[in-house]
Amino acid sequence: MSAPTVQLRGAAKHYRGTAALAGIDLDLYQGVVGLLGPNGAGKTTLLRMLATVLGADQGSVRILGRDPALGAQRTDIRRWLGYLPQELGYPRGFSAYGFLDYMAVLKEWDDPAQRRTEVRRVLEQVDLGDRATKRIRALSGGQRRRVGLAQALLGTPELLVLDEPTNGLDPEQRVSLRHVLAEVGRAATVVVATHQTEDVAALCERVVVLDGGAVRFDGMVRDLVATADGRVWLTDAVDPRAKTSWRTGTGRYRNLGAAAPAGTEVAEPSLEDAYLLLRASVEGSEVAA
Amino acid sequence: MTALALPAVHDVPAGTSVRPLALIEARRFARHPLFLIGAVMCAIFSYGHQGPEELDYHVIPSFFIGVLGLVVAARLTASTERSAAVVDSAPKSETVRTAAMCLACLVPTVTGLAIVLMHRATIAANPLPEHLYGTFGSLDRLVITVLVPVIACAGGPLLGVATARWLRFPGAPLLVVLTVMMWGNFSGYVPGTSSMDSSSLFARVLHMASPYTAFATGDGNGEHISRVITSFTGSPVWYAVWTLALCGLAATAALWHGARGETRRTVGRAFVALVAVALVALVLAVAMGNQTNFRTTEAGTRAVALGLLSGG
Chain A
1 MSAPTVQLRG AAKHYRGTAA LAGIDLDLYQ GVVGLLGPNG AGKTTLLRML
51 ATVLGADQGS VRILGRDPAL GAQRTDIRRW LGYLPQELGY PRGFSAYGFL
101 DYMAVLKEWD DPAQRRTEVR RVLEQVDLGD RATKRIRALS GGQRRRVGLA
151 QALLGTPELL VLDEPTNGLD PEQRVSLRHV LAEVGRAATV VVATHQTEDV
201 AALCERVVVL DGGAVRFDGM VRDLVATADG RVWLTDAVDP RAKTSWRTGT
251 GRYRNLGAAA PAGTEVAEPS LEDAYLLLRA SVEGSEVAA
Chain B
1 MTALALPAVH DVPAGTSVRP LALIEARRFA RHPLFLIGAV MCAIFSYGHQ
51 GPEELDYHVI PSFFIGVLGL VVAARLTAST ERSAAVVDSA PKSETVRTAA
101 MCLACLVPTV TGLAIVLMHR ATIAANPLPE HLYGTFGSLD RLVITVLVPV
151 IACAGGPLLG VATARWLRFP GAPLLVVLTV MMWGNFSGYV PGTSSMDSSS
201 LFARVLHMAS PYTAFATGDG NGEHISRVIT SFTGSPVWYA VWTLALCGLA
251 ATAALWHGAR GETRRTVGRA FVALVAVALV ALVLAVAMGN QTNFRTTEAG
301 TRAVALGLLS GG
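So the protein sequences, as listed, match chains A and B. With the first letter of the first sequence counted as 1, position 72 gets the number 72 in our numbering; the numbers rise by one all the way through. With the first letter of the second sequence counted as 1, position 218 gets the number 218 in our numbering; the numbers rise by one all the way through.
Mixed in with the good hints, there may be bad ones.
[Stated by the list, open to error] Only part of the chain B face toward chain A is listed, based on derived beta-carbon distances under 7 Å: (1) Ile24; (2) Ala26; (3) Arg27; (4) Ala30; (5) Thr80; (6) Ser83; (7) Val86; (8) Asp88; (9) Ser89; (10) Gly171; (11) Leu175; (12) Ala259; (13) Arg260; (14) Gly261.
[Claimed, not checked] Which bits of chain A does chain B cover? Going by a derived footprint, with three or more residues having C-beta under 8 Å, they are: (15) 86 to 97; (16) 142 to 154; (17) 186 to 192; (18) 197 to 211.
By construction, these hints were calculated from the structure, which means they are not laboratory data. Please read these numbers as outputs of a predicted model, since none were measured by experiment. For every residue, glycine included, the Cβ atom is placed at its ideal position computed from N, Cα and C.
Make the full structure from the sequences, and use the hints.
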């Protein structure tokens, strides 16, 4: 196996005594990795650490074989990094092209002709070629999100860190984004934090579940889904034996629990089912503790 | 464990990395509506204008380009920080971004120079009575009417960059503008007030220790040429060096924010050196030039108060 793009050992980050990341170990390799977890799980903290804008309090962090705590090595990492934060503000007065041009300069695309070509390339990649000269504030939320994604794609990054990239995108745009990320993931490491389990299921080979600042699951998507085998069943009414249940569009109830009761109709589990069962078990163990 | 093989990092030729960013920032500065309004107003008030006193002309570019430029530079610098989350993860550092913004301040500087030269051309075509220049010789006149206002056109925007870097609360640029204007108005005309005239060393230091100061005043009101010009104390040449040092201090203060390692130490050393230059220039500005106020009319010049340093 090749060396990991990202290697965390006991990496921790605290805010006023509260652990946002509680000493995690994680190796990330080439490919698309989904990062799931509830709000406050530490996903954004982890992504900011990978984006080199936040340092760890404890433990070691290696990104692209470099130590982001050291100035020159941090700069080196940033040359091969693309980052889309959860919330991205834009400077006033910039067009989509102008903002990407500005970001390209910050990413050391100093030659005007090469920069122009690169900016055009990423604009086309996110389907904004015809909106290039529009002021960003005149764009829709989804288009602004795609401008943010385009800046992350500048320069063919080795590590692409995306926090909620599908926020505000319509279904066609989400499919288009998956296509782009799948292509990038062939040659780079793409980390996608999201609440959309269907995006992870459709895009990622590997998934990491964070909760309470700790890694609760790290493995292949199919392995997480497999943890829900035989634990999802359908009924015509709410089943009190279920840990979680909800009424589906067909009018029947989808139930998740320790095991499907005998005589019930067992359903094919989804990633969302597996994630919810994992979350329920984490909460259960916390209550028990 | 084997180290990850990274692609070879493309070399960034020294000296070229700030330039493209500075060009972008310069374009943004040049297109900013407040700067354009200020430049147009400055040109209108400068064209053929001769007073109230020619030696007080520098207030026009200092305000319309220097003070408004402070607000423009602060807003432009702060606006890119809206994208701080991604900007901070780019290889070009905050120091490079600040340096680019400082270089973009050449836009108001060059604009100010062009308008000042246009003004001088109109004056040259229609010369003023000699007494309007008070006690100041040709070098001092050049400094007061050309160099001082152009430095103000650079200094205001540079202070704006420093303001955006260090004061990150709403209204910070406006607060700095008010402070600078009050400081300049209070100390600039101190030698002309009856309560603190040029016989007071304190008044003379205060007169020079300001980002904007007046070198003369007259009895004209804009409708007629002054008959009496009161020339204030101090050396215009050393005052220009003082304000130039203030420009450098604003730029280094801005650069110091976010600088790390050797860059921070270098900027810190430059700041200390500029403080020394500023203090020396301030002392010389007070100690040289006129040592008392003078009143000049078409009939001649006479001293109106004795200064402490004149020994008189």
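Results for each hint:
1. Ile24: holds, 6 Å
2. Ala26: violated, 13 Å
3. Arg27: Arginine 27 of chain B check fails; min Cβ-Cβ to chain A is 9 Å, beyond 7 Å.
4. Ala30: Hint violated; alanine 30 of chain B Cβ to chain A Cβ min 12 Å, cut 7 Å.
5. Thr80: Holds. Min distance 5 Å.
6. Ser83: Constraint on serine 83 of chain B satisfied, holds at 6 Å.
7. Val86: holds, 6 Å
8. Asp88: Cβ of aspartate 88 of chain B sits 5 Å from chain A, so the hint holds.
9. Ser89: holds, 5 Å
10. Gly171: Violated: closest Cβ of chain A sits about 17 Å from glycine 171 of chain B, beyond 7 Å.
11. Leu175: Constraint on leucine 175 of chain B not satisfied, violated at 20 Å.
12. Ala259: violated, 11 Å
13. Arg260: holds, 6 Å
14. Gly261: holds, 5 Å
15. 86 to 97: Since 7 is at least three, the answer is holds.
16. 142 to 154: Check passed, 3 qualifying residues.
17. 186 to 192: violated (count 0)
18. 197 to 211: Not satisfied, violated; 0 residues make the cut.
Checked against the numbered hints given earlier, this structure breaks hints 2, 3, 4, 10, 11, 12, 17, 18; the rest are met.
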